[in-house]
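Undergrad: Listed below are the residues making up each chain.
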Amino acid sequence: MDWNAFYLSLQLAAWTLVLLLPIGIVTGRWLAKTQTRARPWLQAFFALPLVLPPTVVGYYLLVFTGTRSPIGEFIMSWFGVSLVFSFPGLVVASILVNLPFAILPVQRAFEGVSNELHDAAACCGMTPWQTFTRVEMPLAWPGVLSAAVLTLGHTLGEFGVVLMVGGNIPGETRTLSIAIFDRVQAFDPLAAGHMAGFLLLISLVTVALGYGVLERRGQQRQKSA
Amino acid sequence: MAGGPLIAAAASIRPALEEISTRYNEVRGESVRLVFGSSGTLANQIATGAPYVLFLSANTSYVQWLVGLGLTQGSPVTYAEGVLALYSRSGLLGETENPLMALDYALQNGAVQRLVIANPEYAPYGSAARAALEHAGTWTRARQVLLLGANAGQAVQYALQGDVDVALVPLPLARLAKLQETGQLQALPKEAFPNVELHQQMVLLSGADQKTREFFAYLQTIDSREIFMRHGLLAPRPANPILQP
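Residue numbers (my numbering), protein chains in the order written: chain D, 1489 to 1713; chain U, 112 to 356.
Only chain U is shown next, with the shape it has when bound in the complex:
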């Protein structure tokens, strides 16, 4: 078993982080061990004593919570902006500039039997999804057909297994699950959910050593930034300094 720093990361960035760690291994000859889960679950594990040395969350609040508990080292860094995507089964919404408006229409017509989002109470993408539906004025209607995933991954899982007409899920995961092959997949602009931030922050934890700090720095290089963006995330706002590889 390859050793290396043990890193806890939000399930929504799995495809990107796996690629970055492979690349890191090729470039530097060092390896890291990755554990994925929902940001809330991982933060709880860290608070209970899990031996992770670096935490990549899908939002800022879990990171800030750990900072408050005194379990972190140094300052958190925003590594990307999350992107929420709308999946709909083929032919449901049609070609449209404003898919949320089309969704509202479909909901009114009873064309949507199941709409999946992650649980807004503890999944960052779930609260973004709820905010998007609220902003589009269709939350009350959507609630009638709502199905909640325990985390963004499970929401995508439900969408993948069919039986779901619409899902609001992280773009990188939706792509990993190849949802675009079974229906329509559209990234929603940030303006669709103006009140919720998907600043994806990471922070070094108490047990971080030199090797962890090196990977932490590598995550801030242009190489990593490109991989995050290729998987459907956006560059952090406000802009962060990019570290030299």
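The shape of chain D in the complex, shown without the other chains:
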């Protein structure tokens, strides 16, 4: 069992979640409320990582953020980090591929918050911020939680993009899923099997916990209604 790889996977999942969830909430809410005609295109753009093979996402990331690309050079000279074959690069890649998981459930949830509630809140003298925190967020919370669980689970399991953009560097970009691949390549099926079983368990627990919390909240709301 490569604990170091597991720890790295957890770190990646945590960073992705912390950075992506606010983006998901803001973008999802905006998409739910906006009247712009470009909405189908924007939705399609955010859903792209769902339909594109990881090789395509990985390829573009390598081309556009590689150290020899203008963006890569700019980031290197200003922040001193490389966005390919490094942990920060993995976080950026992970945020990109998880966009649909973080945005779409949140968007559906905010779409379910009716406009009458907005008007009612405004009549009660609530500021838009108060409406957001006290009316919208509590109602949209299950969507946000779904987004968080999906993002977490998907990051733990992400493979293709991580391998392409991160390589397989121990302690830097070798996440648990890559470590499993590496063990298979080394004809070490026992270690690969252990890690695969462990990842299966972790994923199941993560998603089950997420659904459990959602269900409990659903029941509480029914009771209070």
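Treat the hints with care, as some may be off.
Output of the computed footprint for chain U on chain D, the stretches with three or more beta carbons under 8 Å from beta carbons of chain U [said to hold, decoys possible]: (1) 1548–1557; (2) 1560–1573; (3) 1653–1659; (4) 1673–1685.
Simulated from the structure, these hints should not be mistaken for lab results.
Everything numeric in this text was worked out from a predicted model, so none of it was measured.
We treat Cβ as the ideally placed atom computed from N, Cα and C, and that holds for glycine.
We have chain D already, so just place chain U on it with the hints.
TA: Then chain U, alone, in the frame of chain D:
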């Protein structure tokens, strides 16, 4: 996590290099980090900015390509000669002096349903395998049942998972996968593929520091040479100077 120089190496030398790095750690108390992949993939990663400091390829052309890009330090060194092995499932070819001729016969009889090699387009051992089949005059027949692995490692993986009658793969990997236990494994002489070289070269990359250079030198000592050879590789031709440990 142990730090140390980050080294990119061809998947075909995995067992040997892992042993050398363990030995290096025992002898010098220094550690290195190893990343394995197909030579072509690793060379591409290096060109895209991967932070490796030393590259051990399964051939010369990827090393020369990186030299041309100006991403290397000093001169490349040939650390071994690759050895191509022929794996066949038990009883298929029988005891024979010339397994490629026996293979041709088996192909004619339709006894071979699947023949695995690494992709000749970017895997050095794949082009050696293709050259061997061409030299034996059986390439046209072999093509009908050919299965391509993305790299030598995957080709061995296919052979390991059964369903494959014949595989032409690197000897060190075939041994690591214990293919000799499920069938017959025979090293092919260099004369079997006269037009393809498996000079395995290594080169220091731009980011190499003193510690990397020390390991680079250690790879050229008699200790390392012995380990490479024990895992089925041959001494470099023409001969290189052996460095003192």
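Undergrad: None of the hints should be skipped; say for each whether it holds.
TA: To see whether the hints hold, each was checked on the structure:
Restraint check on the region 1548–1557 of chain D versus chain U: 4 residues with Cβ-Cβ distances below 8 Å, three needed, restraint holds. Under a criterion of three residues with beta carbons nearer than 8 Å to beta carbons of chain U, the stated coverage of the region 1560–1573 of chain D is upheld, 4 such residues being counted. Under the rule that three or more residues need a Cβ within less than 8 Å of chain U, the assignment of the region 1653–1659 of chain D holds, with 5 such residues. Residue count for the region 1673–1685 of chain D with a Cβ under 8 Å from a Cβ of chain U: 3. That meets the three needed, and the coverage hint holds.
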